[in-house]
Structure formats: C-alpha cells, structure tokens
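Given chain A's structure and the hints, the job is docking chains B, C, D, E and F onto it.
6 protein chains.
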Amino acid sequence: MIFSGSSHGDLAAAIAKKMGVPLSKTQISRFACGETYARPIETVRGRDVFIIQTTTHDVNENLMELFIMLDALKRSFASKIHVVMPYYAYSRQDRVSVPREPISAKLVADLLSTAGADHVITMNLHSGQEQGFFDYPVDNLSSYGLFVDYLKKKKLKDMVIVSPDAGGAKEAKKVADEVGAGIAFIHKHRVAFNVSKAMEVIGNVKGKTCVIYDDIIDTGGSVCNAREALIKAGANKEMYLIATHPVFSDPAVQRLKDAKFKEVVVTDSVPLPKEKQFPGLKVISIAPMMAKIIENVHSDRSVSQIIK
Amino acid sequence: MIFSGSSHGDLAAAIAKKMGVPLSKTQISRFACGETYARPIETVRGRDVFIIQTTTHDVNENLMELFIMLDALKRSFASKIHVVMPYYAYSRQDRVSVPREPISAKLVADLLSTAGADHVITMNLHSGQEQGFFDYPVDNLSSYGLFVDYLKKKKLKDMVIVSPDAGGAKEAKKVADEVGAGIAFIHKHRVAFNVSKAMEVIGNVKGKTCVIYDDIIDTGGSVCNAREALIKAGANKEMYLIATHPVFSDPAVQRLKDAKFKEVVVTDSVPLPKEKQFPGLKVISIAPMMAKIIENVHSDRSVSQIIK
Amino acid sequence: MIFSGSSHGDLAAAIAKKMGVPLSKTQISRFACGETYARPIETVRGRDVFIIQTTTHDVNENLMELFIMLDALKRSFASKIHVVMPYYAYSRQDRVSVPREPISAKLVADLLSTAGADHVITMNLHSGQEQGFFDYPVDNLSSYGLFVDYLKKKKLKDMVIVSPDAGGAKEAKKVADEVGAGIAFIHKHRVAFNVSKAMEVIGNVKGKTCVIYDDIIDTGGSVCNAREALIKAGANKEMYLIATHPVFSDPAVQRLKDAKFKEVVVTDSVPLPKEKQFPGLKVISIAPMMAKIIENVHSDRSVSQIIK
Amino acid sequence: MIFSGSSHGDLAAAIAKKMGVPLSKTQISRFACGETYARPIETVRGRDVFIIQTTTHDVNENLMELFIMLDALKRSFASKIHVVMPYYAYSRQDRVSVPREPISAKLVADLLSTAGADHVITMNLHSGQEQGFFDYPVDNLSSYGLFVDYLKKKKLKDMVIVSPDAGGAKEAKKVADEVGAGIAFIHKHRVAFNVSKAMEVIGNVKGKTCVIYDDIIDTGGSVCNAREALIKAGANKEMYLIATHPVFSDPAVQRLKDAKFKEVVVTDSVPLPKEKQFPGLKVISIAPMMAKIIENVHSDRSVSQIIK
Amino acid sequence: MIFSGSSHGDLAAAIAKKMGVPLSKTQISRFACGETYARPIETVRGRDVFIIQTTTHDVNENLMELFIMLDALKRSFASKIHVVMPYYAYSRQDRVSVPREPISAKLVADLLSTAGADHVITMNLHSGQEQGFFDYPVDNLSSYGLFVDYLKKKKLKDMVIVSPDAGGAKEAKKVADEVGAGIAFIHKHRVAFNVSKAMEVIGNVKGKTCVIYDDIIDTGGSVCNAREALIKAGANKEMYLIATHPVFSDPAVQRLKDAKFKEVVVTDSVPLPKEKQFPGLKVISIAPMMAKIIENVHSDRSVSQIIK
Amino acid sequence: MIFSGSSHGDLAAAIAKKMGVPLSKTQISRFACGETYARPIETVRGRDVFIIQTTTHDVNENLMELFIMLDALKRSFASKIHVVMPYYAYSRQDRVSVPREPISAKLVADLLSTAGADHVITMNLHSGQEQGFFDYPVDNLSSYGLFVDYLKKKKLKDMVIVSPDAGGAKEAKKVADEVGAGIAFIHKHRVAFNVSKAMEVIGNVKGKTCVIYDDIIDTGGSVCNAREALIKAGANKEMYLIATHPVFSDPAVQRLKDAKFKEVVVTDSVPLPKEKQFPGLKVISIAPMMAKIIENVHSDRSVSQIIK
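Chain order of the listed sequences is A, B, C, D, E and F. Letter by letter, the first sequence follows residues 1 to 308 of my numbering. Letter by letter, the second sequence follows residues 1 to 308 of my numbering. Letter by letter, the third sequence follows residues 1 to 308 of my numbering. Letter by letter, the fourth sequence follows residues 1 to 308 of my numbering. Letter by letter, the fifth sequence follows residues 1 to 308 of my numbering. Letter by letter, the sixth sequence follows residues 1 to 308 of my numbering.
By construction, these hints were calculated from the structure, which means they are not laboratory data. Where a beta carbon is used, it is the ideal one built from N, C-alpha and C, also for glycine. Each statement offered as a hint is correct.
Below, a list of computed lysine-lysine pairs in the DSBU-like style, where the Cα atoms sit at most 30 Å apart:
# : chain 1 : residue 1 : chain 2 : residue 2
1 : A       : Lys206    : F       : Lys174
2 : F       : Lys170    : A       : Lys174
3 : D       : Lys206    : E       : Lys174
Just the calculated beta-carbon pair ranges, DEER-fashion:
#  : chain 1 : residue 1 : chain 2 : residue 2 : range
4  : D       : Asp177    : F       : Lys25     : 26 to 34 Å
5  : A       : Asp135    : E       : Asp177    : 46 to 54 Å
6  : C       : Asp58     : B       : Leu23     : 49 to 57 Å
7  : A       : Ile28     : E       : Gly9      : 48 to 56 Å
8  : E       : Gln27     : C       : Ser29     : 50 to 58 Å
9  : E       : Val98     : F       : Tyr144    : 38 to 46 Å
10 : B       : Lys232    : C       : Glu263    : 31 to 39 Å
11 : B       : Lys206    : A       : Ile28     : 44 to 52 Å
Sample of chain E residues lacking proximity to chain F, with all beta carbon distances greater than 12 Å (derived):
#  : residue
12 : His119
13 : Val179
14 : Lys232
15 : Glu238
16 : Lys262
17 : Leu272
Okay, chain A solo, but in the shape it has when bound (with noise of 0.2 Å):
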C-alpha cells in the first residue's frame, strides 16, 4: 500500500501510477487551532506500507503530519511502515560546527524511528555518513545516475564539472570521472547564514563548458556566485547548472533568472509549483526510480543494482 503524505501529491501520484498502483486513501486535515489530523481510511493489518512525504519550506508541518501518520499506521498494525523522504528534512544540519548546535538531520532519524518509521528511503543526503545516523535501514539513492545520462546524452564539449565549495569536489570528481569532464571547485567564504560569497577558482576552466554541480540549491548564491567567478577565470559564459534538491528558498528563482544559465537540472525530489518555474529549467522526474526501488523493497529483491 502506498500513502502520500500533504507535502508533494504530484510527485507520489506519478510514482503509484508508474507502479500501475492507487494511492491509499487518507483523511488529513488541519483544525483551526493548528493541530494536524491524519489517519488511513483503508485497513493496514499486517500490510506493508509506503508513505511518501518529502520536505518543503513548511517543512516542520511536512514533519509533524508525518510522524502523526506514522503513529497511526503503528496502531493500526502496519506490518512494515517504510518512509519514503526524496529531500530529507534537516539534512545539512549534520554535525556540530559550533559549540551546543543540535544535530538536526540525527534527531529527525530518531523521531521518525519513535513515531513508527521501520525504514527510510531517501536520496542524496547531505553526507555519506548521515546513513550512520540511522539505528534502523536506511537506502540512499543518488541522483548520479540520472544525471550521468542526462550530460552523456548532451555531449558537451570541453566540459568541465564544478564544485562551488571545497567539500563538493569529491563528488564532482565522481562525475568528472563518468562523463570524461576536467574538474574545478570554488574557494569561498560564507559571511552569513544564507549569504555566499565566491572567491577563488581552483582549477583550469579557461574557454571550458562549465558544469557546477551541488547536491541542493537553497538561496541561490553559491552558485550564482560561482558562475561569476568561473566567468572571470575564463570560463564560457554558456554554463550548466545540476542539482538534485531545487529547494529554492528566495530569492533562488529571481537569481537563477538573472544568472542565465543555459541550463538549470534538478529533479522533483522537491515539489516545484509554477511559480518557481523560468527558462531553462529542466526538472528529471525521480518516479520512475523511486516506484522501481519500492517494488524491489516490497519484493525483498536488492536494490543497489539500482541506486548503483
């Protein structure tokens, strides 16, 4: 059985339809005091149950009626309760960076594990290791392969793929590898949360075809920045921009439309409503992946064949 959580209904009808499956049937409402409702119409006894709910910018609501819909699932004997969380919640804030911080991304595992979680699906966590924060399984797909076809079909010449920051590079480097690209990464400071700054180039990009590549675009600046910084450093102003999580926070959209990229990939991993929507956006659905991994899970068949 497959639910859709409130935060991206199109993204799970296109999965139950890819499956040839209907969604479930829930009632999930929000009284006028604030408070979230929600609770499976059909019968869950002893069935194995996906519920599909992703992050947005109400991501703190995306949490709370996902852990009531969980609790409600566990009560009514789910058998299996697999979460499946494209952009997962929290994920940047995974590590102590100054003293006291919490570490979001580890709290969020152990609250959907308290709520009733048996298993999470997810794609492109912040980092590798975030898969430790689980005391229970955990498959995090990767975008890579999609993108890998996406730049193989394009056969862009000279191409180089960019990093905007130091710790991407490693990543970038695994792309590079694939589609026989250069690689470059960009020094920067960060002044102030949510503001970017970019600096340095390191790495010869002169009269290449840029490709920055970053797991999630948030305000924007990074790589607005970076293209910038690859232009003075001699790069084709024609230049590419892939990402996995088009979160999009403002004022993302005004500074993409300014910056002109040929083209900016993402994937609906996050729900992109119209207005966030310009030129040159190409948006690669993760559906077809996503009802593939939850037949091969509902199956017991592996699923690394498939995340690669």
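Quick look at chains B, C, D, E and F alone, frame taken from chain A:
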C-alpha cells in the same frame, strides 16, 4: 537555568521575573528554507535546565523548535531537562474514537522523550489519564485553585456551574462543591469538526447566574451555544465563562464578543495578542504558580502542596 | 494457536469451540512455596499465538501467571504473541488523583510488553485514553453492540438510560441515542473506598423505565444506591441494570439480590461461578465476538468493522 | 528514605531501628476486587529511596505490590530506587531444564526494572549466575559469614559439611575449608516436583557430626532424606541443618520436627510466623548486615568489604 | 542463507555440505592498521540468515569480526539473523566471584544483540543459567547425546564417570545414569589462574575404568591432575577423557600427550589445527547436529526433539 | 578517578601526572585461551570515572578490553563513565560506499553504550558527522589549535597547506586561513585498499613550501605520493607533513624515512614505540589538553572554550 522557546516569550519573562533570575540566552532562527535552528548560547553542562514552550496556533512549529532545542541541550550535557508546556499540544487527541486514529497526545509525550526531555510540567491536560502517556515523570498542574479563588471573591448569588458537555460534569461538580454552587450540564450533538450545536440543559438553572466552566475555548461554538440554551432554560442573561486555555481559534473572538458574557475568565497559558482581546476578558496569570513550581522542582521540594 | 491461562477456562473453551480449533496444551501449576510454573507443551516456534487470560479476584496471580507464560512463549520463539484479556487488570487506576499515586493501568501495559506481549485485545477499558498507555498495538473492543441489540429486542417503553455518575453520562448518551431513549445521571459523593452513596438525580425519570448503565459492577454500592435515588425521583420500580464486567466483589451479590432489579445484564468477561449467580441475572457471552476478532487478527483482516 | 512493603514488616522495622531512622509512611491496601493499591505518603522527590520487600508464600502478591509501589515512587520523582529483597522471588527457575520453560528469575529482574527499580540488593541467589540476569546493578549478599561465625563458636568436633545434592558441593566446600571440616554430598533422584528421595552418600561421614548445608529449605524433603542417608552411612544422630532461606512450605515444619535435628539454623530473610517455629530452630537476623549495606550504598561506600 | 566468519571455516563448510546448500559469499579482510572489514557480497534483503562463528584463541578478533558482519547484515535488511556460535565466548566469566568483576558472558550476549543478532545457537554453555543472559531467544544445544552414544558403543566395564570438580558433579551424574556407570568427583584447590592442583577423590574408583567428563579443556591442568589423583585412588591406568570444547591452550597438548589417556574425545566446536592433534584424540563432529538444527529453525520446526 | 586500559599507558600516565592525580588501579590480564579479564581494584561506587583507551594496531583487542572494563565499572555502580579514546576506532568506516557495507564507526558508538559508556571524549573524528552516531554525549576535540600554534612559530615563507585528497580541502583551508598560507589539493585514484597513487595537483605550489595536512597517516602511501606530485608540480623539496593520528601501519615508517620530509609532525594520540620513530618526527603531546578537558568535564565547566 531557564530557557524560553519562541512560542510565549511574555510568559517566560514573567516567570523568570517572578523568580528573580534572568532568562538564559539562546539563538533561535528560521532559515529561508523553513528549517529551524536553535542552540543555547551559555554552557549548560551539568545544569538543571527548564525550557518554557507552550502551544500556539503554530503548534507544529512550536514542537519542532522545542525538539531541536532539546537535542541541543541533551548533546551539551545538561543534567536534567524539564519542559514547561502550560498548554500541552494535541491534548484532545487522546484516544482512538474512529478506527485507525492516531493518539497524538501520546505521540508528543514520546517524541519529547526521544528529543531529550526528562520531565514535563503542564497544566489541565484534557484528560487526567494522559499522565499515563508519559513513560517519565510529569506534573499536571491545575488552574482549579486560581478559578475557585476568583469565584469566591466574586460572591455571586444563586450561582450554578455549568459544564458545556456531559464529559465535563465531573470537573464542574468539583468546583461547584468548593464554591457552594449548583451544577448543570448541556447535551449536545456535534455535527462536524469545529462546529457544535447545543441542545438540552440537564439541571436547574432557572433564574440562576450561570458560570460556564470548560478547559479549552477553541472556536467558541460550544460555549456560545451553551449560553443560548441556558437562556432558553431561564438562566439570567448576565453570565460568566471560565476556561483554562484560551486557544481562541477563528471565529472564537467574534463569537465571544457577540455573546456578551459578563466576563470571560482565562489564564495566560496561551499567548493572547491584542487582536484577540476584548472587553470583559480577564486574564489570570499562571506565572506566580509556575515560578513556585519550578523553584520547588529545582530544590526537590514537594510540588503537590502547591497544585492541590 | 490458542492458549488459555487458568483465570477463565470456560471462556477460552467457548472461544476455541466457536473457532473450531482445540486449545493448545500447557503445563500450569503452583508450587507449595507459592511460585507459579507455566510452559507450553507444544512447539510454538514461528507461530502466531493467542493467550486468553482475564482478570478475576486473584488479579495478581492472574497477571504473574500470564507474565511467566509470556516469558516461556517468547523464549520458545513464538512469532507474535497476542494477549486476550477481556477484563483489563487495574483498569480503574488510570490517573493520579491523589499525589504520588501509581498509574497501575499503564504499569500493567508496560509489564505485559516486558514479559513478551506484542498485542493486547481487551474490552471496555475504563477510559478510552488507556489505549494510549500501550506503546504497542491494542484493540479495545466494546460490549456496546451486544447491549444495544439486547435493548432493542426488549422494546421497553418510556426507557431512560441512567449513568450512575457524571463521568459515565457520555457513554450512556451514546446508547440512549441508538435505542431511542432518554438520559439521566446521578450525583454522588464517595465517602470512602468501596463505599458509595447516591444522591441527586439529574434528568427526568418520573414514571420512566430506567436502565442503569455502567462499565463495571464491583461491590454494587453505586448502582444500588442509584436505584433508590431513581425510585425516590419517581422512576418505575421495575428497573434494569446493564454492565460489561461483573466483578461482583463482596457484598455485590447480596446487594443485587436485595435490590430486585428486573434484570441484571452482564457479559462473561469475568468468570461467574455458581455462588455468584442469582435470579434475574442474564449473561451475554462475548465468545462469538472474540472468536471473530481472533480470526480476523490472525488473517490480517480489519477488526474495526466488528467492534463498531 | 526506607519504605517497607507488606511482606516482612518485622525485618523492615529491625533494619530501620538498627539504622536509627524511621520507616517512611505508605498507604498500602487491597480492594475487595483483589487489586492492590500502594503509594508513598511522604514526598520522595529527589530522594534516594530503599524499599524492603521479600518473598513469601504470597510471592505473586508480594511482587505485584512491589511493582505498583515502584511505579508510584518513579512517577513521584524518586532519584534512585533500591529494592531490598532478601529472598529473591523465583530464584530457582533460573534455566530452561525442560523445553519451553520460562526463566522466571530473569523475568522478575526485567519486570522490576520496568516498574522502576534502579538497583536490587538480595542475598544468596540460588545461583551466582543470576547476577547476570540484571541489566542494572545488583548486590548479591551472602549469609556465609553469619553461618561461619556461628559454626566457629560451636566448636563441633569431627564436623563434616554435607551438601544435600551434588550441585551444592562447591558451596559446602567453601564453608568446610573455612571452619576446618570435612565434606560430603548426597546423590538423589527427584521423582516428582516437591518430592525428593535421598540415596547414596559420597564422602566419609562415619562417626562424624554432620552439618547439612543448603540455601533454601522448601518442603524439607531433601534435607530430611539426606539426614536418613547420613545416619545409614554411619553419621552421628546428633545432626545440624543450616540454610539461608526458611521457606518452609508444607509439610516442612512437620518434617523438621519429626527429624529432630539438634539445631536448624536459618536467617530471617523470610518471615517465620509462630506456627512455623519449633524447638531447635535458631534464627540469625540479617538486619544488622542489611542496615550496614544500606548505609554504605546510600553514602557510596564500598559494599564488598561487608559481604566478603 | 548461511555465512561463515573466519574463525572456523571447516565446520561451516561441513555444515553447509550436510545441508546441501553453498556457503554465501562474504568479503572479510583485515587492514594493515588492524581494523576488520566484512560485508556480505550477495543480497540478504528479507532473508533468514545464519552466520557461523565460533570462539578461538583470537576470541576478541572473532567477536569484533562477528559484530561488524552483523552490522552489515542488519543494515542490508536481513529479515532474521541467527548467530551459530558452538563455543560461546567468555562462557566461564558468568558471575561476580571477586568484587567488581565483569560478567563478560552477559556482556557478549548484549553486544551481539546491539550489533544485530536476533537469535543465538550455541552448545554446552558453561552454566545453564547463561540462557537467562539473553534478552532474545537462544538455543543451548548439548553434546550429551553424542557422548552417550559414543560411550554406549564402547561398552566399557566397571565404568565410573568422574567430574574434575565438585561443580560438574551434577552433569556427570546425568551421563552416569544414562550409560549405567558409577560417579565420582575430585576436590581441588586453585592456586592461581590457569594453574590447578587436584587433590582428593570423592567416590569409589578402585579398580574402575574412569571417564573424566568436563565441558571445556583449557590448559589441561585440572584433568591431568585429576588423572593422577584417580590413579592414586586405585583407578585403572587406562583412562578416558571426554570434553565438549577442546580449547587446548598452552600447554594442554603437551600435558595430554604426556598423560597418555586411552582416548581424549572432543567435538569440533573449536578448530583443531594439525599441531594440536595427537594420538588418542577422537573428534566427533557436531556438523550433522548443527545442520539439522539450522534446518528446523529455518522451517519453524521444533528444535527440542533434536537437542534432547 | 582515572583508569587506563592497556593500549596507551604512557599517555594515561602523562594525563594523570598533568592533573596531579594517581591512576586508579585495575587488574587487566589475558588468559592463555585468549580471553581478556579486567576489573577495577578500587571501589568506584558513585564515582565519576574516566577510562583512557585509544586505538592501536590491536584495535579489536583494545575495544573488547574496554567493553569488559566498562561492564565491570557499570556493575560496580560507577556514577558516570567517561571513555577517553583519542584515536577513535573504525573512524574511517563511516558510511556505506559499496552496497552492504557496515558502518563500523556507528557500531562502535553503540557497543560502547551497551557496555556502559555514558560519554566519549575523542579527537579529530574522521568526519564531523560521526558525532551524530552517538545517542549520548560526545566531545570531539581537535588538534587544530596545536598545529596552528606550531606552524605560527615556524614562520615558514611562501607556505601552502596541501590536502592529499579533495575531501580534506575544507579542513586544509581552515588552517591556511589561520596561518596566512595558500591552499592546494591532490587528485588521486585508489587502485586497491591500502594502495594509493597520487596524480594531479590542483592549486599553485610552484616554488612554495608545502605542508601536507591530513588527519591520519596509515600506510603513508597517499602522503608520499602527494609529495612526489608536489615536487613534479614545482614545489620546494623541503616539505612538511602534519597529521593528528600517527597510525603508521607497515610500510609507513620506511616510506616516511625514504621520503625525507623536513618534518613529520604528529600527536601522541596513538602510541609510537621506538621502532616507529625516525629523524624528523616531532610528537606534540595531547596530554595537557586532555587533562584540562577531563578537569572541566568533571567540574561541569565549559569544554568548548578549550577545544575552539
């Protein structure tokens, strides 16, 4: 050390002032992407920590912020963490009335514990049994004493304590006995969520001064319908309304203004911004009681003598 | 597989018979030193096991025997262990009324889980909130349907459903609505434990046929005093008494005999040996309902359609 | 603070007296329906609490009362809860001898922890390995020192310490070495539960003064048969019997009277009402040792120096 | 699926062969830095997995490798993970003999569970009570049947089963009864760790053929001293030695060679490389028994009929 | 109280000396059979206990010894148990890179907790996210300050901080910013485990004095290849190497000798026996920092001010 979440800063300030201690500093912010960030700024290692966070119309935000704050405190070696939540979130979702419902009040108790709470101090839980939802100590205070004192000072003649539904008759009776009043209650049918329709008055209210007594005023429908039913049953038009938690969801304020109660007496367990205030509204502060409780908990003195 | 503890062999036999399966064999004995010994005689490895044990006047013996049996089943690799406890032990100790009281109903839920229970099936918990005491699935069945059917067949005229205290008014109302009757309830003061004194009747019972409706008959004081109060208030002397759990502690049987109810209608959730039976006592068996529930649980079919 | 359950008030009083502190007040009662009620009457918030409850013939009642008391103490914020159970319940059910047996001694350790115990102080567990049943600290005291002192004072000639079965030979040897005696043990076949039949004597007892040494005297069969076997093997008729826990189940008292041991030496770990006392019975009180242990535990001093 | 750790590949291979299934593939290696790496190469999602790992002289390496393998299996969604550990690590550290000792046998049971074990199959635990150390199911098999069969075939005359210490007398007696032999045991004082000194023989061995019966042969001191004591007591020089676990720590092999037992009969629960073999050593394989147990566990059939 | 495991006695002694307290006594031994035995000799009841045990080439022995010591401390009523493990075991196995890999760093955190650890103090975890592997408090100290101080004193001209792989670029940058140096990093392909091959230098090192900066030196392959690549890229031959944890697995020492770094600067987080020392090796002791941390933890003072 006393910390305040962002839900009800006025109450936290009032409690801290009453105790003669400053509120400890925290950094609480919300990123553009919707995620919450919270950390204590001062060392909490080995300290007995109280964190004050009530429930408002942003209940899910309030809870997630609290969970994150608890995680930060726990990881920073606080010795004992006491959550002070005067209006307990999801208090009314305390049983499975319809098949496959969640028991969200129990869920919240479990999530608090997972996040790091060692103890919860709350007030007038919707049902006394909810104390059993906590696998760790909980203090369920009562506004009973505050309201009884208030009513005794009023010296109303021919007073009848009225419960707006059958379930509350027991609590109403306890107050009636203490202040020497009669008792009555109202039959009602709920047509739909958030809508209520009062009906028959059980008990004698003819020519009496009625004090409607409830734990929560949400949209105000029940109590306003109760008022009409009482008037039809011959009660004095000059009527009182007492309730612990002034949730005041739309359209409660308009309804209460229209109903023209002589007085609407509530506590400040929930913040009441100016636009929710109106003539006849009396707010009794719980800050002195809370301050005393925190002092006694901190010094391992009995709490039961205060909460009666 | 269905096992029976020693508390209510007749009910277990009736359920097994209804299902057409034999009771599985156990060795249960008590040593001269007072210790209980219990083990399943047949292999339970990988099996879905139900164990039927209700609460009697030897409640503590019943519980310890059950815990020991659960330990034996768990260590013998039973796959899922379902406890069927029609009358749930310590159901009335569900909140802290006086400072420092235990919440024994919660404690029993926790001890059952520690001993090995994966699921509890019970009936008419004293309060619905007790479902939240279970950190694992619980099915709280109701005798409501059995009694409504019974009353509908009776076709009593001018019927009023009477709750013996204010707290039960809600439940009484639900029955009254279904069978088309009026409603009333009784004010009362408890002087001491196990002693009760009825007082004022709230609601109109003059010339009516009263059906006192309660969940548990313990020493019978409340309901017998209720009966007198109703007669004083003008009710017909021919009166009915309905209750789910016939605990019948001393001197309940004598009191009920003296009270001369037209009928005392109960279920067999608690064993009723001959010396506790008397003219006018009607016992409706829960065995058919329990048999159906067990079948549906075992085959992962919905339970909610049966329990209404 | 020291509380006493209802199982062995005399011992609790003796311990408290020895320590010079009063027993803390509790309300313990049993309802007509068989349910137990228990609560501390004094504040325990933040206190180090000891509760004394041993095992008697009402072992299941003793345990449930203790669990309920623990729940009340835990919910009332006791800081640390120490259970003092001189004779540990179900100590002999410590392994799976026959397939699908429970390990009740382990179960009791787990139930105590679930109910709220942080630490158990007990004495002469039936097997030393049971210490490993506790996932939390346990102190397993020994009567060894008390009995060795007693025997040394006796200055018996040609003394042989006799274990009534092969399993106890190790313990008997330890005593024999200390008091400078020989050692022997008895072969036996158990025909059925609670029935025993002694057989062959291993070791030289001819003309010796035998001291049968056991941990528990239950129905007394083993030790009385041992006595006969020893006499047949040429031992002096004037014989001694030493055992820690005088459970004295029927017909132990009659058997021991008939056997005419010179002395039957036991501790007061189990209550011995008048009807269980007889000529030749010597009771060595454990109260002084227990008092010292409690004092040392409370003040974080070493316990091992006392228990040897 | 059956996996093998690196501790005893021969046994794993023998078991798998007996069952007619191939061993599943794993990658196990040790880095230059000393860290162990282990992962299953085949998909285990939803599978019932058995992992065979016994204890050798590299017990700590064996355990850590097993924990890491369990972690990998758990994270890879194995359905149930059964650990087959014929010789259970730290079996002899099962109680606190000296103050502040660990109970390592209990610790290992807990660490296995934390790492991911759902069930342990082992053999001849040093004490039966250790079954209670497991909070999850454990099957404690016995070599008893293998040795009894062996002795019956031998048809030795005037046979006496001898326990090398008092504690083992019980087990020795069980064998003696079955094969129709006499029984004796040895008094001994341990002077220091790993050193032992046998002393007095209890029981009649004059002119008898002795079979020393022990669970573990570690350094061989006890049994060799026992041999000498028996000869002094008049036993035949042609003597047998039977033990389940041939740990054979230095200088066991030399001692056994020197002692010239007629036969030293052991199982292959522990690997015996060539340099530990010698004339007179008979190894009875446990592979057939283990194969049958695994088959029955996997198909939820009774195990107790096999292990007697 | 401060205890030392057997892995790094020198460091423990240095820390204790710095604090002016003696190391508490333990009995740690290894039996001939390979099992470890460990117990505290002094009473730890109610004490705040620190146990110092780092990771060496006998990492599995180190861990099992620590687990056993923790079990002994826990069972002996230590109040809080702090593990001081400067080089955290299995730190590099922190994610699932290849399907079905274990996350051993998380496993170790869980095993420590099961064995009894309440808190871990470690240093330079391979990734910061590993803090989230701990469900209990952890302090992750850093050698950053020690090395920055060292470099500042050196006053090297034209210094470039070089990370030997892309993943470490972030950390290298942090140091570079603080000491006013440039930054570079090396591309590399790992051909097989423990073998590495350096390749392309990213960043400008021509004529510069390079300081290779890494967290761990294992076999030394990466850093020596990095050295060659840097020289090819025009760097000064006089080069420095800095790393926190000198694991020095074979053939690291030979490689480092051959490479002729001007200086190899490490801490004593791992023991360095004489045969692993060579000209140019500088060891900065962490003992002063650790001593201060332990003092602050013990007295509930802030740790964050020390660890920067």
